[in-house]
Amino acid sequence: MKSMKMDIRGQICPSSLLLVLREVNRLHRELKAGQLCMTILTDNRAATGTIPEAVSNMGINANVAKLDGYYRITIHKQGD
Amino acid sequence: MMQACSEEIVSGVDPRSELELLRAENAHLTKLNRDAFNYIRSKVNSLLEVIGTRSLNPEELDDQNLIAFDPIGIVAQTFQHILENLQETNQKLNFAHDEIKTVFEAVGAGVMVLDPQGRVVAFNQKIRELMLGDEIDIHGKKCRDHVCAENTEDDMCAFACVMQHRREQRFTDWNFNGRSFDVIGRPMFDEVMNITHVVLVYHDVSVRKAAQQDLLAALQETQETNTKINGILRSAADGILVTDASEAVVLINRRAEELLNLIKSEPAAPMKIETLRHAGLSQMLHQARQGGKDSFSEDLTFLLPGQSPCICQARITVIKSAQDEFNGCITLLHDVTEQRAIDRMKDEFVSTAAHELRTPLATIIGYADLLQMNNEYSPEQQAEYLRLIQKKAERLGEIVSDLLDISRIESGEGVRLELKPARLDKLCEDVVKSYRLQEVDHAFVLDFPPAALVTVNVDRYAMLQVIENLLSNAVKYSPQGGEVRISCHLENGSCLIAISDQGIGMTSDQVARVYDKFYRADATNTAISGTGLGMTIVKHLVEAQSGKVHVTSSLGRGTTVTIRLPVVSEPMV
Numbered sequence: 001m002k003s004m005k006m007d008i009r010g011q012i013c014p015s016s017l018l019l020v021l022r023e024v025n026r027l028h029r030e031l032k033a034g035q036l037c038m039t040i041l042t043d044n045r046a047a048t049g050t051i052p053e054a055v056s057n058m059g060i061n062a063n064v065a066k067l068d069g070y071y072r073i074t075i076h077k078q079g080d
Numbered sequence: 001m002m003q004a005c006s007e008e009i010v011s012g013v014d015p016r017s018e019l020e021l022l023r024a025e026n027a028h029l030t031k032l033n034r035d036a037f038n039y040i041r042s043k044v045n046s047l048l049e050v051i052g053t054r055s056l057n058p059e060e061l062d063d064q065n066l067i068a069f070d071p072i073g074i075v076a077q078t079f080q081h082i083l084e085n086l087q088e089t090n091q092k093l094n095f096a097h098d099e100i101k102t103v104f105e106a107v108g109a110g111v112m113v114l115d116p117q118g119r120v121v122a123f124n125q126k127i128r129e130l131m132l133g134d135e136i137d138i139h140g141k142k143c144r145d146h147v148c149a150e151n152t153e154d155d156m157c158a159f160a161c162v163m164q165h166r167r168e169q170r171f172t173d174w175n176f177n178g179r180s181f182d183v184i185g186r187p188m189f190d191e192v193m194n195i196t197h198v199v200l201v202y203h204d205v206s207v208r209k210a211a212q213q214d215l216l217a218a219l220q221e222t223q224e225t226n227t228k229i230n231g232i233l234r235s236a237a238d239g240i241l242v243t244d245a246s247e248a249v250v251l252i253n254r255r256a257e258e259l260l261n262l263i264k265s266e267p268a269a270p271m272k273i274e275t276l277r278h279a280g281l282s283q284m285l286h287q288a289r290q291g292g293k294d295s296f297s298e299d300l301t302f303l304l305p306g307q308s309p310c311i312c313q314a315r316i317t318v319i320k321s322a323q324d325e326f327n328g329c330i331t332l333l334h335d336v337t338e339q340r341a342i343d344r345m346k347d348e349f350v351s352t353a354a355h356e357l358r359t360p361l362a363t364i365i366g367y368a369d370l371l372q373m374n375n376e377y378s379p380e381q382q383a384e385y386l387r388l389i390q391k392k393a394e395r396l397g398e399i400v401s402d403l404l405d406i407s408r409i410e411s412g413e414g415v416r417l418e419l420k421p422a423r424l425d426k427l428c429e430d431v432v433k434s435y436r437l438q439e440v441d442h443a444f445v446l447d448f449p450p451a452a453l454v455t456v457n458v459d460r461y462a463m464l465q466v467i468e469n470l471l472s473n474a475v476k477y478s479p480q481g482g483e484v485r486i487s488c489h490l491e492n493g494s495c496l497i498a499i500s501d502q503g504i505g506m507t508s509d510q511v512a513r514v515y516d517k518f519y520r521a522d523a524t525n526t527a528i529s530g531t532g533l534g535m536t537i538v539k540h541l542v543e544a545q546s547g548k549v550h551v552t553s554s555l556g557r558g559t560t561v562t563i564r565l566p567v568v569s570e571p572m573v
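These protein sequences, in sequence, are chains W and D.
Going by this note's numbering, the residue at position 30 of the first sequence is 30; the numbering climbs one at a time, nothing skipped.
Going by this note's numbering, the residue at position 453 of the second sequence is 453; the numbering climbs one at a time, nothing skipped.
Treat the hints with caution; some may be incorrect.
Computed spacing ranges between beta-carbons, pair by pair [what the hints assert, rightly or not]:
(1) D:GLU135 x W:ALA33: 50 to 60 Å
(2) D:ASP62 x W:THR74: 26 to 36 Å
(3) W:THR74 x D:GLY73: 24 to 34 Å
(4) W:ALA33 x D:MET193: 31 to 41 Å
(5) D:ASP63 x W:THR39: 31 to 41 Å
(6) W:ALA33 x D:GLY73: 20 to 30 Å
The calculated BS3-like cross-link candidates involving lysine-lysine, where the alpha carbons are at most 25 Å apart (straight line), are [to be verified]:
(7) W:LYS77 x D:LYS346
(8) W:LYS32 x D:LYS293
(9) D:LYS420 x D:LYS476
(10) W:LYS2 x W:LYS32
(11) D:LYS420 x D:LYS391
(12) W:LYS32 x W:LYS5
In short, the hints are calculated from the structure, not lab data.
Glycine included, C-beta positions come from ideal geometry on N, C-alpha and C.
Work out the full structure: start from the sequences and follow the hints.
Pasting the structure below:
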């Protein structure tokens, strides 16, 4: 499985959400096929709610982990 | 309006006016541009609101970058993916729905779904088959009014119990329409844990229950049969011992336990062949395991405490599986002690009878040869030889008579008797007289006091045979010149004749066996002739004449045989 990382720290919603959605849309096929895992680093707390909800509606899973001063959102196919 | 302005500029009327027009046009275009961007921003914000995020401020993304970033395109494509996902989810839901519906109908149990008021929301075909039939529709109706009509107790209503306890409830032996059911009731909850539905599952266990009852009846019958068989085996007169393939004793009856001296209090742990305490039997069982014969027998001697040794014929039959593998043995221990004793006595009798028959025959043949070969014997010598031939022939006749008598007694035919009143003193005198003629060197004493001269009801010839037998024994087993006393007295209406000798006597064991056929107290002494049948015949003949025989003896001092007969007439004095 491939992986990619997006560091959008400093960005706030909705641009952080739109940036992630743009990449999710671009890589949608690979994400749905379970061939790719995206890792998003964000320091915007609102994004930890909007990003997982938006991608889960597309049938893609998102897990949020709180790290030191920022969050890590892992996006991958549901069930993986 | 823009078209009108252009026409004025083209006509070149007034440069100032033209500038004004241009300004106005510019302002108009700027406004249009602003309106367009505001429209785009408002639509972007609406879309962002739909996906749950806040508005996109111009400070965050200016107009130039807004077009380049294309948020509407991003959100639109996101919506497209969300729609695709919804379609997939719907397909899956439809499939799951079909699947559940198929299971709902195909499941072997009746399934019914109720709302919290106990109204039927759904039920499957099995419920119709088991409880309703084709006509009744219970959708929206109270379950209790239709299904529980016969079982209205609350504690037996699965729905009521599930609603009360808010968890799964199980019932067994719930009856409806002559069928037995196992019922499982289960609640379904919404997000706030309110019961939305109750699912009731009815398993028809009528056949299983009937089978269980049949099985129980069969089991009980088997146990009863087993108890009977065990009772029969345990009380069988023969010892029975069953061992398995591992040489462990799986069944042993009471007689076998007695023979093997096994005590009841011994541990009930599986007993192995080695612990049977009988080397011969253990060896036979090992031999059976090693193969060879499927059935074989051997005589074994068992020593029982305080009793005479017991001879048993041990017959072992090998148990084999369908694959011809050794599965154990059945051993029967049949008591042949008496049979073997008779066999031994018969052997002795054959030997004795041969000797008894051969001795007079040799004499007869010898004297007959002498008379044939030599005619020079005097008439007195010839008479003497003929007398001897006759005497020995009579002896042969007696032996043959004894054999015929015992044969008749054994076959149950018995000896024909003709009972007539007779005087015992006369009969005894006749027998003694013939003995005196035989040159016997014994002293015969007849002691018949006048008070004992009575008449008894006897067969004359049978009684002569009895007295002859008893006198013969007295003479044979007592030394030459010994006294043989025949006395008589009355006792309680009976006449008792006692014949006593001063002979070698017998032990108590020998006395106990004196009536056994072929038994001879001292079979090793071939000098004393006899077939071992005399006392057997005496006992039979006396008892056939309503009498009894009693023997008392003392080893080395002599024997007395007493015959008791009922008196017919009073004494002659």
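Hints the structure fails to honour:
7, 8, 9 and 11
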